Structure formats: structure tokens, C-alpha cells
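*Asks:* Below are the chains, spelled out letter by letter.
Protein chains: 2
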Amino acid sequence: MRTLSNDLSAHIGTTVTIQGWLHKKRLLGGLTFINVRDRHGLVQIVIKDKDEVEKLRGLQIGTILSVEGLVIEEPRAPGGAELHDAKLSVEVPVTEEPPIEIDKPLSHKSENLDTLFDYRQLGLRNLQEAKIFKIRSELLRYIRSFLYDNEFVEINTPKLVAGAAEGGAEVFKLDYFGKEATLAQSPQLYKQMMVGVFERVFEIAPAFRAELSATTRHVSEVTMLDVEMGFIDGHNDVMNFLQDLVYTILTRLYAEHGDALKSLQAPELTLTPEFPHWTMAEIHELYQKGTGTDVSKEIDLTPDEEKWICEYAKKKHGCEAVFATGLPQSKMKFYHMKGENDTARSADLLFRGIEISTVPQREHRYEQLVEQMKAAGVDPEAPGFAAYVSAFKHGMPAHGGFGFGIDRLTEKAIGLANVKEAILFPRDINRLTP
Amino acid sequence: MRTLSNDLSAHIGTTVTIQGWLHKKRLLGGLTFINVRDRHGLVQIVIKDKDEVEKLRGLQIGTILSVEGLVIEEPRAPGGAELHDAKLSVEVPVTEEPPIEIDKPLSHKSENLDTLFDYRQLGLRNLQEAKIFKIRSELLRYIRSFLYDNEFVEINTPKLVAGAAEGGAEVFKLDYFGKEATLAQSPQLYKQMMVGVFERVFEIAPAFRAELSATTRHVSEVTMLDVEMGFIDGHNDVMNFLQDLVYTILTRLYAEHGDALKSLQAPELTLTPEFPHWTMAEIHELYQKGTGTDVSKEIDLTPDEEKWICEYAKKKHGCEAVFATGLPQSKMKFYHMKGENDTARSADLLFRGIEISTVPQREHRYEQLVEQMKAAGVDPEAPGFAAYVSAFKHGMPAHGGFGFGIDRLTEKAIGLANVKEAILFPRDINRLTP
Chain X
1 MRTLSNDLSA HIGTTVTIQG WLHKKRLLGG LTFINVRDRH GLVQIVIKDK
51 DEVEKLRGLQ IGTILSVEGL VIEEPRAPGG AELHDAKLSV EVPVTEEPPI
101 EIDKPLSHKS ENLDTLFDYR QLGLRNLQEA KIFKIRSELL RYIRSFLYDN
151 EFVEINTPKL VAGAAEGGAE VFKLDYFGKE ATLAQSPQLY KQMMVGVFER
201 VFEIAPAFRA ELSATTRHVS EVTMLDVEMG FIDGHNDVMN FLQDLVYTIL
251 TRLYAEHGDA LKSLQAPELT LTPEFPHWTM AEIHELYQKG TGTDVSKEID
301 LTPDEEKWIC EYAKKKHGCE AVFATGLPQS KMKFYHMKGE NDTARSADLL
351 FRGIEISTVP QREHRYEQLV EQMKAAGVDP EAPGFAAYVS AFKHGMPAHG
401 GFGFGIDRLT EKAIGLANVK EAILFPRDIN RLTP
Chain V
1 MRTLSNDLSA HIGTTVTIQG WLHKKRLLGG LTFINVRDRH GLVQIVIKDK
51 DEVEKLRGLQ IGTILSVEGL VIEEPRAPGG AELHDAKLSV EVPVTEEPPI
101 EIDKPLSHKS ENLDTLFDYR QLGLRNLQEA KIFKIRSELL RYIRSFLYDN
151 EFVEINTPKL VAGAAEGGAE VFKLDYFGKE ATLAQSPQLY KQMMVGVFER
201 VFEIAPAFRA ELSATTRHVS EVTMLDVEMG FIDGHNDVMN FLQDLVYTIL
251 TRLYAEHGDA LKSLQAPELT LTPEFPHWTM AEIHELYQKG TGTDVSKEID
301 LTPDEEKWIC EYAKKKHGCE AVFATGLPQS KMKFYHMKGE NDTARSADLL
351 FRGIEISTVP QREHRYEQLV EQMKAAGVDP EAPGFAAYVS AFKHGMPAHG
401 GFGFGIDRLT EKAIGLANVK EAILFPRDIN RLTP
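Respectively, the protein sequence lines represent chains X and V.
Residue numbers for the first sequence follow the numbering used here, beginning at 1 and rising by one.
Residue numbers for the second sequence follow the numbering used here, beginning at 1 and rising by one.
Possibly wrong hints are sitting among the right ones.
Claimed, not checked - Output of the computed footprint for chain V on chain X, the stretches with three or more beta carbons under 8 Å from beta carbons of chain V:
{"id": "1", "stretch": "85-98"}
{"id": "2", "stretch": "141-152"}
{"id": "3", "stretch": "196-210"}
{"id": "4", "stretch": "220-227"}
{"id": "5", "stretch": "297-304"}
What the hints assert, rightly or not - Which chain V residues face chain X? A few, computed with CB under 8 Å, are given here:
{"id": "6", "residue": "Gly62"}
{"id": "7", "residue": "Ile64"}
{"id": "8", "residue": "Pro98"}
{"id": "9", "residue": "Gly196"}
{"id": "10", "residue": "His218"}
{"id": "11", "residue": "Ser220"}
{"id": "12", "residue": "Phe231"}
{"id": "13", "residue": "Cys310"}
{"id": "14", "residue": "Tyr312"}
What the hints contain is simulated information worked out from the structure, not anything from laboratory work.
None of these values were measured; they are calculated from a predicted model.
Just so you know, even glycine gets a beta-carbon here, dropped at the ideal spot from N, CA and C.
With the rest of the complex left out, here is chain X (with noise of 0.2 Å):
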């Protein structure tokens, strides 16, 4: 019967067996310390009886032991207890050292990422690294627990498609039995389809682009998040869904995980119920004020704008979280509605410093769908889009929906420098392995 690291306090003055990876050994005082990890954490184990140490001799960090002894409450030992008079049985030996460290923290220097990666594999057995992943599962438990909740239905759609469904931007292409087929860059179409079926749908999966950047930001593969609802009254009640989802997660994050992520040095979690909200127009002008530069002509928010704005909010609000509106139409597709006066039925939540989503509404009437389709110079006949228009000659309610990367959320709710430090083994442009 094994006793897992985080439930031997509740076992002190019996004899229990533990099983891991052997994970730090040291000498202390003439007794033989050894931590021993499980996947709840690490075990302090003291080794006196000569025999039991000399059973460790020539073996490293990795080693598969199972270790019977008696718990004794240490409150300095990690878990509160430790074993003592261990009985050791190596049940796979490992004689290499590893590569990478294990034990302390890894460096995470942009520099330092291709070693990083390059040893993933034994790299996240790392308790530092592995704690941003299972941040990573929790967030997806909590994102699709909130949604069950609010009534929506998970699908799943193909990521082998005819066509680039958003088109102009770089896709990759494969021969499908003679045929030419896309990887999926998102489930847009499918997802709007489902609202004429479920009304509330949403789908957790890979994402593809074939991005011709070598920047360090550059993913080919991400896990995106898609959300579509439809009977909305305007994006205003999608934007006040992804708010109430956002802050859901987040706060019940920081409350249930707030040890691992002060570990991970997070910054603490500022936001409040409700985001505040401007317009571009608004926020160039609060910038301008606020650091002096003329940033009038741009189309959209500069990085250093999206920065400020979060920074700015954060003071004056208590809110890390923001929502641009009044977005430019220009930015729009084919498959969004158009708004008055130029500006776009939409807005863009940022948090920390960087756009996390674009919530807008889409164009849901079939003339002015296959208008707009034509104007963008897709053709509604051509194959990969005759079923999406078909959908909406035969009725679409007012909807809309949003998007974002798991691998964005991750990295921006732990504060981390790079988006391929929350994806497990990161693909770009120079990585397709391991």
C-alpha cells in the first residue's frame, strides 16, 4: 500500500511506504539525507543503517525507488513529517546524471530557452516547472466548468479542412488523397454553424499557423479556447460573459492556488467584478496625457499603450483587466458585423500589459453576410464555405463569440516572459521536437 507525499503527516509514529523518483541526495552530520518525489511533491527521508546508503551508491537523480520507514513530524521537512529508518528498494536504477537541473529552479533567460526545451522531457520533472502546468490543467478545468454552467455544449470540429477559413493569413497545407486540405486555424466557422444548433457552444482544441516569424513569440501550434452564443442583444452581452468568465477563473485560481503561484513569483491578482472600459479614442487620449507622447494616428493601441492602459487601470481602478471598444472597423472580417461610424461591433479585452481576446458580434443575416464575403473577395460557393452560408440562409440568430490561447491565458495569469514557457513541448518555426 503506497502513502503519497501529501498524506504522511497523517500518518506520523506508523511505518508507511513511499514510492518516487529519487530527486537530491546530501550528506548532513554523518546521516544521509534523500528526497524522494511523488506526484504530489517530495518526501524527506533520513538515512542512518550503512547498508541502506550503500544501496544508493553510483545511483543518480531519476532513480525509481520504493522506501519503506517510520514518519516522524519534522516540521522543517517539507509536508510537516519525514521518514526515518528507511528500508530502500531500487526498483529502477539510473546511473546518468541528468542534463538539466532538477532540483533547483531553471532559468527561464530568453537565452536560456532552447536548453530549456531541448530537455523538456526532464526539464518539467522540475517541481517549479511542473507547477505551471498544473496551473495550466486547473485553468481548463475551471474554464469548461464555468461554461457547463452556464449551459453550453461542448463540440468537437475538424482541424482538416478545405480552404482557409479566415483566409489571407499563412496556413499549413497537406495532400489529403489527392486532394488539398488545410489545417484549421481556428473553428470559427464551425463553431457560428453549431449557435444554429446548440445556441451555446464552445471547443477546446489545437489551433494552427503557419506564421513565417522566427520572433521568440511565434507559435505554429497553439490550444485555443472558442466560445460562440447566440441571442445576444449586442456584444455588449458577450463582452460581459467573457468578463464573468475571466474573473471567475482568475480569482478562483489565486484561491486555490495562491502557494504555487507565489512560488512562481505571480503577481498578486488585482481585479474587480467588473472591467473598466474605454475607447481607443480615450485611451490615446489618457496616454497622451499620462506619458506625453502623440499617439493620435494610430489605427489601434501601440504595445506600450496596451501596457500602460493595464498599469494605469490597475492604479486608478484596482483592475488589471481592460476593455477596449471602439475598436476600428478596418480591423474587421468578413464574418463580423458592422458597427456605426467606422467603429467595429467588438472590443478587445486586455490584462497585463498585452490583448488577451476580441469579443465581437458577427454579421448574422444572409445578405449581408454573402455582401461582405463578396466585398472581402471570398467566394460563398467555393467548398469550404457553402455549408456556413447555408446555416445562415436558413436562420442564425444575432451571436457572437471570442477566442483566446490557453497557452496566452496560462503565461499571463502566472506572469511569465514568453507564451512557449506555458506550452509543454512549443513548436515554431526552428522546433518541432521533442
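We have chain X; now place chain V onto it with these hints.
*Replies:* For chain V alone, kept in the frame of chain X given last:
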């Protein structure tokens, strides 16, 4: 304020507004009856006023309506209530009849499947079709809930990989910035590496198979559940875990969605918490006794045997899920642990006449793994495998796992005839749209 169909009977005697799609229209005894569909089902509306009836002239199924009316108790109506004194507001008019039946059950005969999928975006609005995908969404929810309860961490592994993980089988290839990439057939190597980090991991994600087979059963994109767990005593641990998972989610599905399953003509669920298990040799013998057909020379179970043994177990043991053990070593891949007497440390799970999963123990010892790779003609130093073998060199515990298709599980849970009926937008050798 919108009232949803499932909430109508809570508002008897009051005036409410419902919104949805015109689903059916008929004249009966001088009155006009319409059904309006929303995300929970249908609302029956009685229209007397000629001006209101006139608003519907020329409008077809799919028209988006907003209807204000008085809620009257009516046991014969869906939800036990209907709307009277209706005032209609046409939100989005539809003037063309749908090309596929929305109101009556659609034919799933194999000769009609092409029509079903050609108009999928509309056919899914049929309530019977939609139920299949609500059930699918629920199965996903139950699976994750069971896995979270058992301390599994959700992972997202790359679908763009260097080389085919499992060798042999057909893969989709694509140009990846001048290099060759393949689409992942499974997360096999990644989930095993992640056992070294979290012990227990799962992923639900698309998997791609370029099988040059045009049978009605083959699809080129599936949604797979993949599970892997460490520190097992043997493959029996994994068998028991899969058994508990399948028992839990199916009994929960039948308990919570009995009505939907019944209306889809799903068979009764016949399961015991422990599934009967027999060796292949025993099944061959039982089958021969039962049918008179000699299968003693078959290496594997024949399709007819798979059906027969599930029926046999259902009759004799009250359980239509069966484990087949004692599988031949020859079927195993390089990452499987060899068993004794040429039988694999593995079992097949059969349910309702078909194999839905295989539960093997993996080879976790570095030297043995490398040896098995070489014997299988797989280069341990190749880019797609170097990280994998490194994880074993630095210590992996005894582990095992399984995967199964969410599509296949949904098909068998409901008792559909073809796996494609359980996929929103299926992909096969002839189909890349919608």
C-alpha cells in the same frame, strides 16, 4: 427577459417572451399551431389572431422568432405548457425551405449517410441529431470528472511532430517551413514522457490517420481520449481503472439521460461493476462450443467472436463489457512490455460487440526498451525518439495506459450503426467538407 422552453411550466398564468427557431407550423381546427425551438427543446404556441398568423406568411422553418404570450398548462404540449394570445416578432426571416427534414427523424441508413453529412449544418438542428451530440458532450464531462477525481493532470501535446510515433501506419505529411512534419496519430510518446512528471496524465484531442481505406467505418480524424498512469503493479491495475471509468461514465449517462437515450432507441445498459474476463483461448473455446465454428487457428478474435462473446457475457453474467486477456505478443508494439509464454501484458476491452480499447503495460526499463526499438527497426536516436528514450534513461516507473475514440464510445453508448453518426463533421477519404 427571455424564458427558455424547459422553464415554461414554472410560469403558468404569466406572460413571457420566448425566442428561437420556427421548427414546425400546422393548421388544426381553424387554429395555427407553431413550434419554436430553443437550446432546451420546443415550445408549442397557439395563434388565433389573423394579423399574427399573417406575419408568418411565406416564412419557412428556421425563421428566428421572438414570441410574447400567456403560459397555459397543457399536458399534451412539450414541457406541459403552451403559449396563448401570442404576439409574434420576426427577428430573422427565412424564405426558403430547408433541404433536409428538421422536424422528423433523419434516416441513418448507410445509403442515406451522404445526404446526412452533406447538409450536416442543418440536419443537426433536428432534435434527434442534436441529442447525440449533447450526449457526446456529457460523456466528455463525465470522463474528465472521473479523471480529475483520480488526480490526473490534463495535458496538451503537439499534433505537429517529427516522424511517425508508432511507425508503420499511414500518416499525413506536410511541409513545415522546409522540413517534413507529420500529423500525430496519437500522443503515445508524449503521454508516456509526462508520466515521468505527473505520474497520471490524460489528453482529449484530435488524432489523424491517413488510412487509404474507403470503408464506411474509416475516418481520418478522430477525437481520442488518452490516459497514462505510473507506479502500477501490473496491467491489471490499468484494466481495473479502465473498468471503473467505463462503468462510472456509462451508468451515469444512462441515469442522467435515460429519456434521450430511449428516444434514440439506445439499448438498455447491462453492466456489472466488474467486467467478466477470459483469455483469447477460452473465448475461442466458448465460441466453438456455442456456435460450432472452429476458430482455434485464429491469432486474434474474429469480428463475429467479438459480437458473440459480448452477447454471451450479457446473458450469462449480466454484463455487455468483456475483457479479453492473453493476447498474442506478436500484436504488440515496441513500447509494450513483453509477457510470459508469448502472451502480452495487455487486455482488450470489448463493449457491445466491438473492441473499444486495449490496456497494455509499457516497457519502462531503458535497456529493454532500446533493445525492443532496435528489433522493431525504430532508431532510438532519431529526432522523434531521442527525448522519449532519454526520459527512460533518467528513470520511469512501471506504467500503462489506454486510449479510446470519443466518437466510437458515443456510437456504442447510444447504439448507433456507424461511427460517423457520432461525429459532427466527419472526415474520410471522400469527405473534407462541410
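*Asks:* I'd like to know which numbered hints this structure contradicts. Please list them from smallest to largest.
*Replies:* 5, 10, 13, 14
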